[in-house]
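Q: Here are the chains, one letter per residue:
Number of protein chains: 2
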Amino acid sequence: MNKGQKLLKKAKKIIPGGNQLFSKRAELFLPELWPTYYKRAKGCEIWDMENNKYFDFAGMGVTTAILGYADKDVNQAVTKAINNASMGTLNSYEEVDLAEELLNIHKWADQVKFARTGGEACSIAIRIARAATQKEKVLFCGYHGWHDWYLSTNINSNSLDTQLLSGLKAKGIPRGLKNTAIPFEYNNLNSFKKKVNKYKNNIAAIMMEPVRSTLPKKGFLEFIQKTAKKIGAVFIIDEITSGFRENLGGIHLKYKIKPDMAVLSKAMSNGYPSSAIIGTRDVMDEAQDSFISSCMWTERIGFVSALATIKKFKRLSLQKKLIDHGQRIKKGWSQISKSTDVDISIAGIDPIPQFNFKKNHLEKSTYLNQEMLKRGYLTNTRLGTTYAYNSNIINGYLDNLYEVFNQIKDFEKKNIKLPLKGKVRHETFKRLV
Amino acid sequence: MNKGQKLLKKAKKIIPGGNQLFSKRAELFLPELWPTYYKRAKGCEIWDMENNKYFDFAGMGVTTAILGYADKDVNQAVTKAINNASMGTLNSYEEVDLAEELLNIHKWADQVKFARTGGEACSIAIRIARAATQKEKVLFCGYHGWHDWYLSTNINSNSLDTQLLSGLKAKGIPRGLKNTAIPFEYNNLNSFKKKVNKYKNNIAAIMMEPVRSTLPKKGFLEFIQKTAKKIGAVFIIDEITSGFRENLGGIHLKYKIKPDMAVLSKAMSNGYPSSAIIGTRDVMDEAQDSFISSCMWTERIGFVSALATIKKFKRLSLQKKLIDHGQRIKKGWSQISKSTDVDISIAGIDPIPQFNFKKNHLEKSTYLNQEMLKRGYLTNTRLGTTYAYNSNIINGYLDNLYEVFNQIKDFEKKNIKLPLKGKVRHETFKRLV
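Residue numbers (the numbering used here), protein chains in the order written: chain A, 1190 to 1622; chain B, 1190 to 1622.
Keep in mind that the hints were calculated from the coordinates and are not lab data. Just to be clear, a hint being listed does not mean it is correct.
No copy is singled out in the list; a pair is fine if it fits within one copy or between any two copies.
[Claimed, not checked] Derived EDC-like pairs (lysine to aspartate or glutamate); straight-line CA-CA distance at most 16 Å:
| id | residue 1 | residue 2 |
| --- | --- | --- |
| 1 | K1201 | D1474 |
| 2 | K1228 | E1283 |
| 3 | K1198 | D1299 |
| 4 | K1563 | D1539 |
| 5 | K1358 | D1478 |
| 6 | K1606 | E1216 |
| 7 | K1527 | D1588 |
| 8 | K1503 | E1411 |
| 9 | K1598 | E1552 |
| 10 | K1192 | D1286 |
| 11 | K1527 | E1592 |
| 12 | K1358 | E1616 |
| 13 | K1527 | E1290 |
| 14 | K1501 | E1290 |
Only a predicted model underlies this, so the values are computations on that prediction, with no experimental measurement involved.
Let's have the full structure, built from the sequences with the hints guiding it.
A: This is the structure we're talking about:
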């Protein structure tokens, strides 16, 4: 048992579930063998508890580290902030700078609120939308966090199964929230129209991720925007995963969508805890008629890390790199699949590419992660690209991947079960179409 | 208009309410004149946008900075963490270290979850309690954040007026949460018993701050603990404000109270965003049957800042200093009041002392803040003590305070209205008895 697994064993006794984020559970990557914990990371390299070094092709910090781990410019800004004290009785002036910057990027928005995590930012957006409309129901499409307003979807049944989270247990949600959150299917206008017709007089908000593993069909986002306006619902775009990758700011800008609110986090601050809710004055002003306030939201690192990330994003035209790396990886996957005759389907926006094995996905991806780990790569079948990648690193990854695909093909040919050293990995969030 | 006020004017146009925390609003201290923003801070000194230096007797970062601003040991740990990358695809091993440390301090607890802000930590505790009991209602006493579960109290009426927040607007909360959160009064067993009798079959949790501006009456906390056990409710102690001051960990330890869960934040990490939910195995295990997960909770700074703060707290026996400073300040207030004949009432635990002017509190405290600011002190009538104080600094503060009290007395004697240069300050959270 490696040191990480030993520590995980201890962790599971004293931390429910073993860690703080479902998507970072060792079982989702490689049960019994995943290094699980890191000592340090730099660029796209990460060192485990035994000082083994890996290239990170497994998400780069749940897709946060678009500039790479421990980016020197972002860290310089953070270091300055903590030397000058990151918390004070007075406010951080950088919150005003960041608000201005985000409004400069998103011309349709007038006001900004800040939080620390993505889930609470979604929760704030919903509170404001409900306050602004004096209505209650939320139509949504996508993953929007752990809060009661969202999990309440599963009070009746496993409605979230149609979204990203299959078999989610939703114990602990008050029954009075039944039927307040209603999911609709991505790229399915009929699903959306049906829900709108059923609830149209009491819809406070329509919240959605603008892109999923596939892109929006022509007119899909536009129709939702139009409908929201028509029925007086607040249209909220959740950009926590999609923002700051294919373009500066939310990807809705690229699709020329004008929401009433948008939620930003993750890549915005290169992995430092920070999130933002932006919106039109009409809607955001209603925040003042509710009580939305938290001490830790005033802390300085959240603002300066985002300011430094955005500054560098602009300087580098970072979207070009993130897209280019993603396309290169997708192309490599496609070629490897073709030449080894191991069938996969490829999806995702270019900066968050993913593939599925068409047959025995979980077994094969477990074997893949196991063999790639030996070769010095953290892998999963969904990853986030980073500025820290380069052609050599990507080619190295693809060369090794090719060899493992070949092994998989060989075993398949000979009808031999893949030699897994631990259990098959668990299913992670599904990024369904 | 000072630079801070100019920036605030801009902020109010683009940030609803102007900032992220009600308690940091300039209007609560000194309307039109408060410096509002800080450039840097060190120890108990803080510099505004015009590089004016003040001693901070206005809360030390909403009572977070028990070691002082930009503490060198905590900052050293944070700097190391960010140099080694604060976010990764793998987990931070320090989360296990911190869980062990908190359990070592709180022997009654078996498991720990982490979050980033106090409000979300309370919300997590309530979710787990509801999941564990399969009941819904929460009896509470104190301030527990901005989330729906708590604000729903005000759906019927302004029930929170009996707690800390007077006249709170609670728009945007689903009506289905009506009557799920029920307040009881501190140190009032009848109030508590009445609510228990009314709802006893469906009480998931009893949540409370263990101390308020007064200490618990003999037997008060014990009776609540006993009742919770009897009716099968999860007893949750909210230590966000009270923890890590009069003792290492939650103050409930000092009162020999054994809750089922406790929530920690603020002073635990000297102001870095970090919070923890600790509890018995029975209760905490239920977290696995709900979905409570957030990317930013895995970030490293939250863990290492708390570990470093706790380590230094132990090394210094910090509680002695925090109590001693508080007692010295309370004694000074008392003497000043007596010798100037300006009546005040003094309350609060020693490390968070407060006073109220018995007549015209708001006018007088506004004048006090105005005059003390000129003399180089950020003040308010409630503060948090810090290791960075010393006798000289406290004496300097008290000497100046004495002179301002004398001025107040003079104006009062001559029946002259206090010469305020701006408006009277707004009322802040009331820490009611």
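Q: Quick check: which numbered hints come out false for this structure?
A: Result: hints 4, 6, 8, 13 break, sorted rising.
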